[in-house]
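Colleague: Those sequence lines, one after another, are chains A, B and C. Residues in the first sequence are numbered from 1 upward in steps of one, following my numbering. Residues in the second sequence are numbered from 1 upward in steps of one, following my numbering. Residues in the third sequence are numbered from 1 upward in steps of one, following my numbering.
Don't read these hints as lab results, they were simulated from the structure. Check the hints yourself; a few may be wrong.
[Stated by the list, open to error] Restraint-style ranges between C-beta atoms, simulated for each label pair:
(1) SER2/B - GLY227/A: 35 to 41 angstroms
(2) ALA42/B - LEU108/C: 42 to 48 angstroms
(3) LEU108/C - ALA16/B: 22 to 28 angstroms
(4) ALA16/B - TRP189/A: 40 to 46 angstroms
(5) ILE160/C - ALA184/A: 25 to 31 angstroms
Just so you know, even glycine gets a beta-carbon here, dropped at the ideal spot from N, CA and C.
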Amino acid sequence: MSNAAMQGTYLGEGSGLRAWLLTTDHKRVAWLYLVSLTAFFFLGGAMAVLMRIELATPAGDLVSDDVYNRLFSLHGIIMVWFFLVPSIPATMGNFLLPLMIGARDLAFPRLNLASWYVFIFGSLFALFAVAAGGVDTGWTFYTPLSTLYANGFVSTAAFGVFIVGFSTIMTGINFIVSVHTLRAPGLTWFRLPIFVWTLYATSLVMVLATPVLAASLILIVLERVFGIGIFNPDLGGDPLLFQHLFWFYSHPAVYIMILPGMGVVSEVLPCFSRRPLFGYKAVAMSSMAIAVFGFLVWGHHMFVSGQSAYAGVVFSFLSFCVAIPSAIKVFNWSLTLRKGEISFETPMLYALFFLALFTFGGLAGLFLAALAVDVHVHDTYFVIAHFHYIMVGGMVTAYMAGLHFWWPKLTGRMYSEIAGRIAATVTFVGFNLTFFPQYVLGFDGMPRRYHTYPPEFQFWNVLSSGGAVVLAIGYLMPLFYLGWSLFRGARAPDNPWNATGLEWQTSSPPPPHNFETMPIVTRPAYAYDMKGLEHERFSPHREEAAR
Amino acid sequence: MSELRKLTFGYLGLLALLALTVASSFLDLGGFNVALNLAIAAAKAVLIALLFMHLTGTLPRLAVAAAGLWLVILFGLTLIGR
Amino acid sequence: MSGTESIAFDTPQRERRADNFAMWVFIGSEAMLFGAIFLVFLVAHIDFGPAFAAASKHLSLPLGTFNTAVLITSSFTMALAHRFTLQRRWHATVWALAATSALGVCFLVVKGIEYGKEISEGLAPVLDLPFRYAGPDPVHAQLFFGLYFAMTSLHALHLIGGIVVIAGMIALWRRCSPANRLRRVVAVGLYWHFVDVIWVFMFPVLYLINR
Ligand code: HEM
Ligand SMILES: [Cu+2]
Chain A
1 MSNAAMQGTY LGEGSGLRAW LLTTDHKRVA WLYLVSLTAF FFLGGAMAVL MRIELATPAG
61 DLVSDDVYNR LFSLHGIIMV WFFLVPSIPA TMGNFLLPLM IGARDLAFPR LNLASWYVFI
121 FGSLFALFAV AAGGVDTGWT FYTPLSTLYA NGFVSTAAFG VFIVGFSTIM TGINFIVSVH
181 TLRAPGLTWF RLPIFVWTLY ATSLVMVLAT PVLAASLILI VLERVFGIGI FNPDLGGDPL
241 LFQHLFWFYS HPAVYIMILP GMGVVSEVLP CFSRRPLFGY KAVAMSSMAI AVFGFLVWGH
301 HMFVSGQSAY AGVVFSFLSF CVAIPSAIKV FNWSLTLRKG EISFETPMLY ALFFLALFTF
361 GGLAGLFLAA LAVDVHVHDT YFVIAHFHYI MVGGMVTAYM AGLHFWWPKL TGRMYSEIAG
421 RIAATVTFVG FNLTFFPQYV LGFDGMPRRY HTYPPEFQFW NVLSSGGAVV LAIGYLMPLF
481 YLGWSLFRGA RAPDNPWNAT GLEWQTSSPP PPHNFETMPI VTRPAYAYDM KGLEHERFSP
541 HREEAAR
Chain B
1 MSELRKLTFG YLGLLALLAL TVASSFLDLG GFNVALNLAI AAAKAVLIAL LFMHLTGTLP
61 RLAVAAAGLW LVILFGLTLI GR
Chain C
1 MSGTESIAFD TPQRERRADN FAMWVFIGSE AMLFGAIFLV FLVAHIDFGP AFAAASKHLS
61 LPLGTFNTAV LITSSFTMAL AHRFTLQRRW HATVWALAAT SALGVCFLVV KGIEYGKEIS
121 EGLAPVLDLP FRYAGPDPVH AQLFFGLYFA MTSLHALHLI GGIVVIAGMI ALWRRCSPAN
181 RLRRVVAVGL YWHFVDVIWV FMFPVLYLIN R
């Protein structure tokens with residue numbers, strides 16, 4: 001990749017392994033994360049495929065129950081902590097936050113690099129746990145199963161997650177401080193791109209919630225290794241308390257996973273409908289509202305765990321309320337499209353699919369928030385479908401939208417538009433085929449976390465397993481055409497989509513310190529209605545001809 | 001008051017509060033012992049934050065306020081759940 | 001760059017403001033960590049008040065009080081170090097820093113003596129050590145001592161971290177520009193005071209229960 005054309009860009013600054021591993025440039029750190037997260041994504045995905053193959057038939061014929069338990073546990077642990085939580089913030093967030101606020105780097109470049117090393121160190125623990133025999137507690141590590149009964153490498157895995165938590169906190173602190181102190185002249189809070197707002201809100205959750213997860217994991221390790229019976233009912237400990245601490249983190253953590261995705265979509269939709277984002281302030285403030293109110297609802301994971309009935313009612317009510325800011329966003333995105341000049345480039349396709357899938361998953365969340373309904377569907381495939389619609393259909397789709405949208409900026413290359421559109425569509429079809437049947441299964445009462453099931457469930461399970469294959473193809477395709485574009489793709493212009501936003505005003509790929517002259521901001525974000533931008537539209541062929 | 005004197009008074013105040021809290025534990029105040037101990041601890045924390053840590057400026061206060069609010073949420077909603 | 005450590009900043013003033021803010025955000029984050037642990041303790045205390053009160057009497061109040069005074073003093077010397085740095089009295093700064101970390105070590109030594117005492121009295125229900133508790137309700141007393149060891153050792157780990165950082169700072173002192181000296185003293189000072197504040201709460205919560 002490092003040829004003459006990369007001279008003067010951040011990619012041209014030394015290409016040896018050393019130059020990459022010791023870099024403090026946020027753009028290169030983003031690449032370090034991108035590569036490692038991609039590896040984790042496919043590792044976790046492989047486990048999912050194994051599970052789906054097992055579930056194609058009612059009998060437990062491919063793997064034993066014990067192995068199945070380990071498969072879904074590691075799938076969850078890897079996907080949640082080693083992919084979804086860092087996904088957008090650590091890759092695109094890292095790359096774009098300084099560019100979007102007009103800064104030369106994040107406030108603490110070395111801390112940023114350190115966060116990657118901590119991440120790798122922690123994930124090595126978890127990988128060791130996999131290699132040594134696995135964990136069978138599920139990603140939730142519920143006590144007393146995890147402390148008294150589980151015989152896997154629970155402490156190792158939990159410790160790995162604990163360490164990765166520090167990397168999350170480091171990123172969070174870096175982002176918060178950067179947004180407060182490094183905005184370019186003229187870039188007031190209400191001129192920030194929504195992506196920055198959502199990263200800020202995410203960081204807030206990261207910094208305030210992750211330590212509580214850390215505390216609960218430490219206590220598990222203390223109980224297993226040192227014999228301190230904090231969650232052990234025989235000693236008067238309270239196993240339910242673990243669930244409180246865990247969900248105090250993990251419900252907000254679902255917003256760590258979705259908020260950055262919402263940010264990406266808020267960038268992409270206006271760009272490809274050539275309209276300013278509808279209700280900018282409402283979208284910005286609803287991100288903050290989500291970050292705050294997301295902390296008030298964790299009890300909806302414990303409706304049937306034996307918390308008081310009074311608490312159940314309170315948490316049910318609050319869970320309905322937390323859907324409001326998300327709904328505000330969905331309405332604003334939809335209204336952004338109204339009367340827009342919509343075009344369906346790859347990032348836009350992904351963003352529209354996000355919109356559909358996120359809404360669908362969110363509505364199922366309202367079913368679950370209803371106390372009485374949840375008693376019926378708790379711990380069934382209905383819950384699985386709900387959160388996969390949001391975390392995979394929503395977040396991973398948004399991740400792909402962002403990756404395709406900013407790929408020209410990251411690499412200075414264009415990818416094959418046709419291949420991109422096909423991959424997006426295959427993903428969408430495969431996703432629905434995989435997860436819609438799970439709503440039906442869950443509603444009919446198929447419980448989660450078993451490797452066998454009664455034969456009457458087979459029809460929907462076969463559909464779901466077939467869908468998983470399609471979905472896997474959809475996710476594998478980008479690996480090839482994006483990989484190919486890295487070396488052979490057409491040179492990208494500085495602003496291929498004619499987008500607003502400071503990141504598009506510097507070259508593709510950007511110079512080492514981001515801007516040749518430091519920018520001054522005079523316009524609101526998403527000024528697509530301003531003169532000079534409204535009728536320009538990207539066409540790869542025109543760009544090619546102009547060259 | 002010079003800075004140094006401020007620090008010294010703060011230090012002596014902290015030691016006095018320590019003596020107070022230990023002494024109070026020898027009295028039986030019913031349920032109020034715990035409350036008093038926590039109030040004294042909070043007073044010490046405020047002294048340390050203001051005098052030693054120079055808690056001024058909007059941004060640091062914002063961070064402290066956020067952590068305080070979130071601790072209230074954590075404690076409050078966990079305790080109603082029981 | 002113009003006297004800043006990170007290329008992101010154009011002036012040292014802005015960088016210092018960012019440093020200070022970052023430390024406070026970090027402290028807020030740490031407060032949540034300890035908050036969660038305190039919550040675990042509180043819940044157990046609510047459930048088993050009398051057993052906890054009785055068990056608490058087995059901790060050494062004199063040593064605990066002494067240690068609290070030691071930490072408060074170390075905070076004071078830390079504040080002095082900050083003061084001296086602002087006045088560019090470098091010698092005095094190094095002395096104040098050294099005193100701070102020495103007091104930290106003193107705290108740890110006393111804590112170790114306490115642990116040793118508790119272990120020899122059979123009050124340490126960790127690592128399969130024998131637990132011989134004569135008071136009422138030994139099951140819940142065991143929970144109390146478990147929490148006591150968990151909380152105090154987590155605090156001690158934080159203190160060790162602080163001591164190591166101060167020692168490193170003193171070792172690298174000569175190679176450090178005055179601006180960076182100030183930045184480091186401020187940052188490590190904030191951390192140190194925070195660890196002190198945690199102890200200020202831990203002390204009454206663990207040692208001074210009488211109901
Ligand atoms: C629109 C607002 C939402 C509401 C009202 C809602 C409601 C719920 C409820 C009540 C449950 C518990 C169901 C049960 O265990 O019986 C649940 C589970 C879950 N939700 Fe949501 N949810 C919402 C949004 C989200 C988002 C945005 C995400 C992720 C990005 C998400 C991820 C999850 C996960 C991972 C679980 C299950 C965790 C497990 O048990 O392993 N939810 N949701
Ligand atoms: Cu939730």
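Colleague: Give a verdict on every hint.
Modeller: Do the hints match the structure? See the list:
1. Distance hint check: the CB atoms of SER2/B and GLY227/A are about 53 angstroms apart, inconsistent with the given range 35 to 41 angstroms.
2. Restraint check, ALA42/B to LEU108/C: a C-beta distance of roughly 26 angstroms breaks the suggested window 42 to 48 angstroms.
3. About 25 angstroms separates the C-beta atoms of LEU108/C and ALA16/B, a value consistent with the hinted range of 22 to 28 angstroms.
4. Range check, ALA16/B to TRP189/A: about 44 angstroms between beta-carbon atoms, so the 40 to 46 angstroms window is met.
5. Checked against the hint of 25 to 31 angstroms, the C-beta distance between ILE160/C and ALA184/A comes to roughly 41 angstroms, which is inconsistent with it.
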